[in-house]
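Colleague: One letter stands for each residue in the lines below.
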Amino acid sequence: MQDRLLSPDPAQRRLARSLYERARGLPLVCPHGHVNPRLLAEEPYDWGTPVDLLIIPDHYIFRMLYSQGISLEALGIPRKDGGDIETDHRGIWQTVCDHWHLFRGTPTGVWLRDELRDVFGVTEKLNSANAQAIYDHLGERLATPEFQPRRLFERFNIEVLATTDGAADSLEEHRAIRESGWRGRVIPTFRPDAVVNLDTEGWRAHIDRLSIASGIAIHDYRTFITALEVRRGFFRSMGATATDHAAVSAYTGWLSDGDADAIFARAIAGSASEADAARFTGHMLIEMARMSVDDGLVMQLHVGSARNHNPTIFARHGRDMGADIPLAAEFTRNLKPLLDAFGSDPRLTLVLFNLDETNYSRELAPLAGHYPALRLGPPWWFFDSVNGMIRFFDSVVETAGIYNTAGFNDDTRAYPSIPARHDVWRRVSADWLAGQVLRGIIDEEDAAEMIVDLAYRLAKRTYKLGEA
Amino acid sequence: MQDRLLSPDPAQRRLARSLYERARGLPLVCPHGHVNPRLLAEEPYDWGTPVDLLIIPDHYIFRMLYSQGISLEALGIPRKDGGDIETDHRGIWQTVCDHWHLFRGTPTGVWLRDELRDVFGVTEKLNSANAQAIYDHLGERLATPEFQPRRLFERFNIEVLATTDGAADSLEEHRAIRESGWRGRVIPTFRPDAVVNLDTEGWRAHIDRLSIASGIAIHDYRTFITALEVRRGFFRSMGATATDHAAVSAYTGWLSDGDADAIFARAIAGSASEADAARFTGHMLIEMARMSVDDGLVMQLHVGSARNHNPTIFARHGRDMGADIPLAAEFTRNLKPLLDAFGSDPRLTLVLFNLDETNYSRELAPLAGHYPALRLGPPWWFFDSVNGMIRFFDSVVETAGIYNTAGFNDDTRAYPSIPARHDVWRRVSADWLAGQVLRGIIDEEDAAEMIVDLAYRLAKRTYKLGEA
Amino acid sequence: MQDRLLSPDPAQRRLARSLYERARGLPLVCPHGHVNPRLLAEEPYDWGTPVDLLIIPDHYIFRMLYSQGISLEALGIPRKDGGDIETDHRGIWQTVCDHWHLFRGTPTGVWLRDELRDVFGVTEKLNSANAQAIYDHLGERLATPEFQPRRLFERFNIEVLATTDGAADSLEEHRAIRESGWRGRVIPTFRPDAVVNLDTEGWRAHIDRLSIASGIAIHDYRTFITALEVRRGFFRSMGATATDHAAVSAYTGWLSDGDADAIFARAIAGSASEADAARFTGHMLIEMARMSVDDGLVMQLHVGSARNHNPTIFARHGRDMGADIPLAAEFTRNLKPLLDAFGSDPRLTLVLFNLDETNYSRELAPLAGHYPALRLGPPWWFFDSVNGMIRFFDSVVETAGIYNTAGFNDDTRAYPSIPARHDVWRRVSADWLAGQVLRGIIDEEDAAEMIVDLAYRLAKRTYKLGEA
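Residue numbers (our numbering), protein chains in the order written: chain A, 1268 to 1735; chain B, 1268 to 1735; chain C, 1268 to 1735.
By construction, these hints were calculated from the structure, which means they are not laboratory data.
Quick caveat, the model's predicted, so the values are computed rather than measured.
Incorrect hints may have been included.
Repeated chains share a single entry, so a pair holds when one copy, or any two copies, can fit it.
Mimicking SDA-like on lysine to any residue, the simulated pairs with C-alpha atoms at most 25 Å apart in a straight line are [as the list claims (entries may be wrong)]: (1) K1731 x W1367; (2) K1727 x G1451; (3) K1603 x V1515; (4) K1603 x D1365; (5) K1731 x R1281; (6) K1347 x P1686; (7) K1392 x R1422.
Using the sequences provided together with the hints, build the complete structure.
Modeller: Below, the structure is given as structure tokens:
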């Protein structure tokens, strides 16, 4: 297990191990993720049960059980209508352990195994027989002072942790962390999807919240833009170095001022169409690039998920229930209007994330290997896995090099899994580099630099998190 | 050759061999294929010449020779117009052997080599010099009692063999097999494409045959549906556990009752358009899922082939001539209406087959990793190959696990190649699992279970063929 | 380094090395590339500085530097407006060496390293410290008689080198080479894109040049076709064995005579639309296949690049500046009209090149594994790399075999990199074959033939360059 995720070839494994050793102790740079800042704002923090921590918030786990016929109610996932769900967390844990074989060969299985072992000291494989004893053990550990989130932050050696926050968010928890005297660096990320995508459920209410938060009464397109600029300034003042945007496709395209005004007016009036929403998002992505050129915030774009694919689950349990399914994507034509405007501007950094792996070698690496503004985010979501990472390296590096990538981010809401995820990346990177050395493509001197770049420096540099 | 298809790495090969040994002797479960049931209904069965057995029915072989300029006539492939074709089977065999180098590196080459060696005892590589001697040898073997199909069935250790049969098929051969006293389990599969796809050549005649077979005079949409239900009941009574459906795309969408009636009426009147046919197929796929929910038949869907791409060959020789070419496919949006209706219904099992490998990691694994009804069929047709299988595992398992796959099926009409095909799957599975163990992703205990699941249990369970 | 690009597995490496040894000394067959024939027509030829030779003409190199914020002006790339650019080639070379780490893991890095070592005797890795000394060394070598292009041609063991030439080109350099008494075989390739694609900048002027070159006054579609036929005859008389065509998509489709006339008339009148241009190209591709059936010229088709994606760079520096980005492609439907007409005609050889790797296993290998006229070109442009070649073999060979491929071509304008590129192909081929042998898919006897086919015979045969 010491050499886990490394190639079976003895020479490659030997070299990979020595490269991994260079990366292993490096601090964790976490420029994109979904950890709730409340964890680090409240002290003491109450984790709840092991199921509250490990199962209920983790759609990677419960979607797999659901796919084999176990209802979300049986796993304790809350219903929007307040309907009955299982509340016996011991029983839920037993169910998970009874079906643990489903995770054989999956990254979820690897992450949880590594996390249980390295963070909680659980060395046995989960099964029906040991479920209750392990549940007890986890409960005990969570109650100890050393499992308080800030102690874990230090133990994990996190250098910086970025959260993801709505445009109207008060960032109260971030303020509380700053004012607590604790020295951990936790920064917000500006994610305005709920106000930028006109088809967001409850868009009007989000706009009202943005008006209040910004102190700008939003009544038309112009005040909307001003409010966003104000909020970006506030986020920057709270330490943010980046924004984040999600879109179904990579479509971008300018609207005339008149069209932007008219569409926004229709949205305010509650009469914007689906086409309006798509065009508005495509326009706002360019606007956001324009603001990034102005204020220096790194722009992230996550493309290609059909959200809430299962209407029954969405109606019953809401969003983020493991029912988001990727779509084919296109970047060469869709991103052109944005790139025409700002792709060659050295003041812009635009990090692209993608769920359609065919784009890597065909479109994304060629684009990133040309445009100064572009960087490629690491393999995302379904692909932050051993094979996903190998395919990413094999598809991207020959055309774009590693220096047009953004290094790694863990993109997780599962706080205690952070070290396990970085460890997977560092091991796979080391092994991939070792393979390159043994094939004579790079030399050991190059590899020794590249492993540190991949594990640490590239993320830090791309996201402007300090000298690297 | 004992370790064929296993990794060259000594440690991986050693472990793969021991995993393979667990799978090697397991019975063959064959839930989907195209063996003619007549082989097993008639005793004695006359195989004809080696060319009748090995070349003329095998489009994998003759398409490759055609691609290098050898006409189908020269290979003895019948013409629809009864035109002249080569009838000297010795000469045809010589031609094949003269060009055997074309199959270097192809699964066709591997299957035939393994089949000739393991079933027929031919250990030499085919070439111009040994062609006639091998032809003689094959002819002699085929004439012996131990090469009778039922004896091969037993020798191959086939536990169950499903054929593929039209909706109006009498299943006379299946009845004959049952009544023969022989104990081999041979079951039909309900494949109603010819009546469901309105643009099938001779659709009207197929409907008439369905009327006769079902005893329902089909004159409108409602009687059509009833006739299908009647026939499904008959197939079930003859042992069927599954249906099979082919479509150019994965498009599904309900028609209103009125639209379904109207399109069907146009089809009866001979005036249905191409768009009618596409919409009707999309509707009938959901209807078929509905019927599967009712009667428990496992539903299979094969998507993505542009049939009969070469008009000259189609006009001269008809369908299944090696000129079917894959198309890009889409599932996330196309399959949604069907999944909205039945994707979460535990009574449905829907097995998806696909010719566009980009869908595996992007759409199919995420869908199967969520929807309880979905299972992923093994790599199909152009991809039931060593690389196809490796890519399938690497693309699918991380997101869907192996327990949302349907294990293996050989999908072949080449009866004596069945063991060779299962052997390729079992070897590749064992080697892939060994790689996972050596990389520390799974442990040996997991791998020992998974090889049996992949080789035997998953197919048996998915297709409801008995306790596994 | 002796075993560079070979697998780390000792058994595979040993076998790969022995296969590579069979290929290493074979002559280089170069049936497609962009070397300027002037190099071989003038003697003595003045190479200019090392930067003139290695940097300014090589968009693989300068696009990567541009992607990291270095302007093309700083790299000495000429501006269309004659604006200021860096003219200190020593300084430019220093800049390149200062950023050499960007090429870690890229084929560009491998080619240049191998070229510098094997052609120029530079064994150190480029860096800031050694930049000037290496610049001096390169300059000295370029000035020696043995670095004259014809001497390199002989030293490289080039058997035949095809250039790429416009339809109206005088082929004066080719004539000069022939008449010089030097025995190197340098042949032209007929590439009529500038007159076939109606949306080419300056199309009308290209037509006028074609009128002059052909001696046919082009005033309508018919005279245009005649002029092309005349020029093809001239190219053949100058040794050409092939044509080459580039198109954004693989769309083909006949126009009626009336439509072809009308579109051509609109083009002459300067009023052809974008749709006209697309339809005309689709028609002309079939016309070109028809002419190839008549005159025997091998037809090449390069599909899928969005040219000049960056408008700023295009306006400032023109075309071929590293800003061409691939697009998703489709062949099954698009190529059908051409294949319906000539795909089964043994007189046609159509070699397909492609920038969308998803097409290989899904469309191209199935098409090439059926149609007698089709051959698959080697991985092109962004994919003439170690991974690109491995993916090509793994995606194509199982379905099409190697005998429906066209072997290798280097497709380069960087003359001294030719041996390095063939060497990459030969090493990767040898290693891939060794892997096939060790997995028991082919035997050593097969592999020994296949390495010679891949390295030499397939290219020679496909392009009708003599008995192979």
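Colleague: Compare the structure with each hint and give your call.
Modeller: Comparing the hints with the structure gives:
In this assembly of identical chains, the alpha carbons of K1731 and W1367 lie at most 25 Å apart only when taken from different copies (23 Å versus 40 Å within one copy). Taking the closest pair of Cα atoms, K1727 and G1451 come within 25 Å of each other only inside a single copy of the chain (16 Å); across copies the shortest separation is 54 Å, beyond that limit. In this homomeric assembly, K1603 and V1515 come within 25 Å of each other (Cα to Cα) both inside a single copy, at 16 Å, and across copies, at 16 Å. For the identical chains of this complex, K1603 and D1365 are neighbours neither inside a copy (50 Å) nor across copies (31 Å), given an alpha-carbon limit of 25 Å.
For the homomeric pair K1731 and R1281, neither the shortest alpha-carbon distance inside one copy (34 Å) nor that between copies (47 Å) is at most 25 Å. When the C-alpha separation of K1347 and P1686 is checked against a cutoff of 25 Å, the pair qualifies neither within a copy, at 33 Å, nor between copies, at 52 Å. When the C-alpha separation of K1392 and R1422 is checked against a cutoff of 25 Å, the pair qualifies only within one copy, where the shortest distance is 24 Å, while the shortest distance between copies is 40 Å.
Violated hints, in rising order: 4, 5 and 6; the structure is consistent with all others.
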